[in-house]
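Asker: Each chain, letter by letter, is given below.
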Amino acid sequence: MSTDQVIHLEKVNKWYDDFHVLKDIDLIVNKGQKIVICGPSGSGKSTMIRCINRLEAHQKGTIVVHGTELTNDLKNIDLIRKNVGMVFQQFNLFPHLSVLDNISLAPIWVKKMPKNEAEDIAMSYLEKVKIPEQAQKFPGQLSGGQQQRVAIARSLAMNPDIMLFDEPTSALDPEMIKEVLDVMIQLAEEGMTMLVVTHEMGFAKTVADQMIFMDEGRIVEQATPDEFFNNPKSDRTKLFLSQILNH
Amino acid sequence: MSSSAIQIISRSKYYNWLVKNLFSSWVNTILTVIALIFVYQVGSFFLYWAIFDADFRYNFQGELIIDRGFCSKNIMPGEYGACWAIIFARWNQFMYGLYPIEEAWRVNLIYALLPLAIIGILFDKIPFRRYFIYFTFIFPFLAYFMLYGGPGLSVVGTNKWGGLLVTLFLGVTGIGLAFPLSILLALGRRSKMPIIKSLCVVFIEFIRGVPLITLLFTANVMLPLFLPDGVNPDNLLRALVAVTLFQSAYMAEAIRGGLQAIPRGQVEAAQSLGLSYWQTTRKIVLPQALKIAIPPIVNTCIGLFKDTSLVLIIGLFDLLGIGRAALADMTWTKLYYEVYVFISLVFFIFCFGMSRYSLYLEKKLKTDNS
Numbered sequence: 008m009s010t011d012q013v014i015h016l017e018k019v020n021k022w023y024d025d026f027h028v029l030k031d032i033d034l035i036v037n038k039g040q041k042i043v044i045c046g047p048s049g050s051g052k053s054t055m056i057r058c059i060n061r062l063e064a065h066q067k068g069t070i071v072v073h074g075t076e077l078t079n080d081l082k083n084i085d086l087i088r089k090n091v092g093m094v095f096q097q098f099n100l101f102p103h104l105s106v107l108d109n110i111s112l113a114p115i116w117v118k119k120m121p122k123n124e125a126e127d128i129a130m131s132y133l134e135k136v137k138i139p140e141q142a143q144k145f146p147g148q149l150s151g152g153q154q155q156r157v158a159i160a161r162s163l164a165m166n167p168d169i170m171l172f173d174e175p176t177s178a179l180d181p182e183m184i185k186e187v188l189d190v191m192i193q194l195a196e197e198g199m200t201m202l203v204v205t206h207e208m209g210f211a212k213t214v215a216d217q218m219i220f221m222d223e224g225r226i227v228e229q230a231t232p233d234e235f236f237n238n239p240k241s242d243r244t245k246l247f248l249s250q251i252l253n254h
Numbered sequence: 076m077s078s079s080a081i082q083i084i085s086r087s088k089y090y091n092w093l094v095k096n097l098f099s100s101w102v103n104t105i106l107t108v109i110a111l112i113f114v115y116q117v118g119s120f121f122l123y124w125a126i127f128d129a130d131f132r133y134n135f136q137g138e139l140i141i142d143r144g145f146c147s148k149n150i151m152p153g154e155y156g157a158c159w160a161i162i163f164a165r166w167n168q169f170m171y172g173l174y175p176i177e178e179a180w181r182v183n184l185i186y187a188l189l190p191l192a193i194i195g196i197l198f199d200k201i202p203f204r205r206y207f208i209y210f211t212f213i214f215p216f217l218a219y220f221m222l223y224g225g226p227g228l229s230v231v232g233t234n235k236w237g238g239l240l241v242t243l244f245l246g247v248t249g250i251g252l253a254f255p256l257s258i259l260l261a262l263g264r265r266s267k268m269p270i271i272k273s274l275c276v277v278f279i280e281f282i283r284g285v286p287l288i289t290l291l292f293t294a295n296v297m298l299p300l301f302l303p304d305g306v307n308p309d310n311l312l313r314a315l316v317a318v319t320l321f322q323s324a325y326m327a328e329a330i331r332g333g334l335q336a337i338p339r340g341q342v343e344a345a346q347s348l349g350l351s352y353w354q355t356t357r358k359i360v361l362p363q364a365l366k367i368a369i370p371p372i373v374n375t376c377i378g379l380f381k382d383t384s385l386v387l388i389i390g391l392f393d394l395l396g397i398g399r400a401a402l403a404d405m406t407w408t409k410l411y412y413e414v415y416v417f418i419s420l421v422f423f424i425f426c427f428g429m430s431r432y433s434l435y436l437e438k439k440l441k442t443d444n445s
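If you're matching them up, the sequences are chains E and R in order.
Take the first sequence: its position 3, counted from the start at 1, is 10 in my numbering, and no numbers get skipped.
Take the second sequence: its position 49, counted from the start at 1, is 124 in my numbering, and no numbers get skipped.
Keep in mind the hints are simulated off the structure, nothing from the lab.
Just to be clear, a hint being listed does not mean it is correct.
[Claimed, not checked] Here are the simulated BS3-like pairs of lysine-lysine, each with C-alpha atoms no more than 25 Å apart in a straight line:
(1) R:Lys409 / E:Lys82
(2) E:Lys30 / E:Lys18
(3) E:Lys89 / R:Lys358
(4) E:Lys38 / E:Lys212
(5) R:Lys358 / R:Lys438
(6) R:Lys439 / R:Lys366
(7) E:Lys89 / R:Lys267
(8) E:Lys144 / R:Lys441
(9) R:Lys358 / E:Lys122
[Unchecked claim] Okay, the calculated bits of chain E under chain R, using three or more residues with CB under 8 Å as the criterion:
(10) 157-165
(11) 195-204
(12) 234-245
[Claimed, not checked] Away from chain R, derived, C-beta distances all over 12 Å, residues of chain E:
(13) Gln12
(14) His15
(15) Glu17
(16) Asn37
(17) Asn60
(18) Glu63
(19) Gly68
(20) Gly92
(21) Asp173
(22) Asp180
(23) Glu182
(24) Val227
Where a beta carbon is used, it is the ideal one built from N, C-alpha and C, also for glycine.
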């Protein structure tokens with residue numbers, strides 16, 4: 008299996024000043040795997056996936072993505088970011104650009120693609136997330152669910168092998184969550200490697216092939232969804248699951 | 076609906092507005108009346124002084140005014156208002172300073188082309204904008220050649236420049252050069268590289284901590300000391316250096332305010348897509364930050380445009396300097412009001428224009444992406 012390994016975290020540690028956010032994180036992600044990460048707020052789950060594309064720097068341990076180690080070397084960081092897409096809780100669309108420009112920006116500037124070609128690609132991804140009719144609008148004119156789907160299309164337009172999702176539905180009104188999850192499920196079915204921080208346990212059961220539970224900067228439990236939901240080993244996981252499943 | 080019905084409705088609309096805003100209570104009514112009397116008194120006094128009772132080129136006897144003795148108000152004291160003849164007589168100095176009058180067409184040409192050079196930057200939806208922008212970049216070289224001279228044109232030293240020419244030269248060039256510099260300073264001040272950051276902080280804080288007059292004196296006296304022997308920049312260039320540095324520090328702080336307002340998520344999103352620092356800055360951060368910073372940026376521009384009048388203390392004759400020179404002339408002395416009102420009017424036209432443009436831009440950017 009090791010040839011299929013696309014992400015490898017080994018003894019990763021990170022501090023914010025005195026606060027120890029990540030403690031000896033070990034994680035291996037294989038090509039095509041869908042990993043759902045959950046845990047209470049402040050457990051370090053967002054920080055962990057943000058370390059994978061170097062939005063945050065780790066201080067100890069190694070992170071290897073596609074055989075490239077993340078260091079301060081900007082070349083490696085650029086290389087990894089080109090292959091790793093990310094979707095944020097707050098969408099982070101560029102408000103001064105139209106939907107089409109939001110999506111075609113990176114292909115044009117990072118991949119040096121001709122404008123026409125980049126816009127064709129942008130349109131094809133907008134069709135994939137089912138909102139091609141919004142292409143000329145600005146982000147501020149769209150609903151939250153539509154904005155998040157544009158954000159997914161924007162990441163996909165760079166044709167990444169790995170997608171990181173940082174609580175993609177937490178800022179959405181309940182009736183819009185499904186349209187975003189549907190796009191993510193479709194993406195999973197197409198074989199994308201995905202790391203998803205979320206509390207949508209229905210989504211996790213449908214899509215995940217690994218569940219990770221984090222607490223206080225550690226990976227407390229890693230298991231298949233079946234084991235994780237039906238037979239969790241640690242008491243901390245049990246407590247967490249009982250809280251989020253029975254509320 | 077008949078037209079008379081419309082009239083009644085619209086009349087009652089005005090009536091309601093008046094009652095609500097001006098006559099809603101006794102106190103409000105009294106204040107309204109006092110204010111109206113005040114506006115009427117001041118306004119009518121000014122209009123009579125400046126227009127109805129004023130001399131332009133000829134006095135009340137129909138004689139061409141050639142010195143202050145011909146002004147109606149000096150012949151019939153108390154009966155007449157302003158004597159604008161000084162402005163007409165000195166018009167060329169106000170516009171060009173001591174620029175040789177047979178060469179003044181060069182200045183006029185540049186005055187005429189200046190709007191064309193900036194229109195492409197100011198408005199983004201004009202036809203052929205691309206060509207206007209090309210012209211913007213050619214214009215400084217054209218202006219230098221036309222104003223200073225060169226092959227085929229006689230050289231007119233900057234010591235002969237004056238009046239509006241100097242005011243506009245310092246204002247426009249100062250703002251134009253300071254803008255890119257201030258963006259670099261603002262970015263530098265937020266840089267993670269300690270040396271760049273501290274250089275920018277020291278520069279900005281030093282310039283902001285010193286009055287412009289001091290900078291002008293410093294540039295005038297000390298600039299030659301820093302330059303190699305034989306390089307002796309003229310006074311206008313020294314003033315330009317001081318004005319540009321001064322403006323760039325203030326503008327940098329205005330831009331920094333805009334940069335701070337951009338959420339971190341914007342930069343993170345751009346980075347996660349693989350955009351480099353400069354791409355992120357140019358495509359994502361600056362367009363949003365500059366938009367937020369427009370009002371304070373225009374504010375500093377208006378401030379600078381007026382502050383250019385300080386150059387008279389280092390011996391340059393800008394609009395104000397030329398005005399004071401005109402007053403020192405025995406032929407016209409004591410016509411203070413006319414000269415200062417005229418100069419104020421010229422400054423006001425430019426500054427008010429900038430202010431309106433800023434409002435227009437804010438409104439436009441707000442509706443652009445709702």
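Asker: Could you run down the list of hints and mark each one as holding or not?
Answerer: The hints, checked one at a time:
no.	hint	result
1	R:Lys409 / E:Lys82	violated (72 Å)
2	E:Lys30 / E:Lys18	holds (8 Å)
3	E:Lys89 / R:Lys358	holds (18 Å)
4	E:Lys38 / E:Lys212	holds (19 Å)
5	R:Lys358 / R:Lys438	holds (22 Å)
6	R:Lys439 / R:Lys366	holds (11 Å)
7	E:Lys89 / R:Lys267	holds (23 Å)
8	E:Lys144 / R:Lys441	holds (15 Å)
9	R:Lys358 / E:Lys122	holds (15 Å)
10	157-165	holds (count 4)
11	195-204	violated (count 0)
12	234-245	violated (count 0)
13	Gln12	holds (22 Å)
14	His15	holds (20 Å)
15	Glu17	holds (23 Å)
16	Asn37	holds (22 Å)
17	Asn60	violated (6 Å)
18	Glu63	violated (10 Å)
19	Gly68	holds (21 Å)
20	Gly92	violated (7 Å)
21	Asp173	violated (10 Å)
22	Asp180	holds (19 Å)
23	Glu182	holds (23 Å)
24	Val227	holds (27 Å)
The structure fails hints 1, 11, 12, 17, 18, 20 and 21 (numbered hints given earlier, in ascending order).
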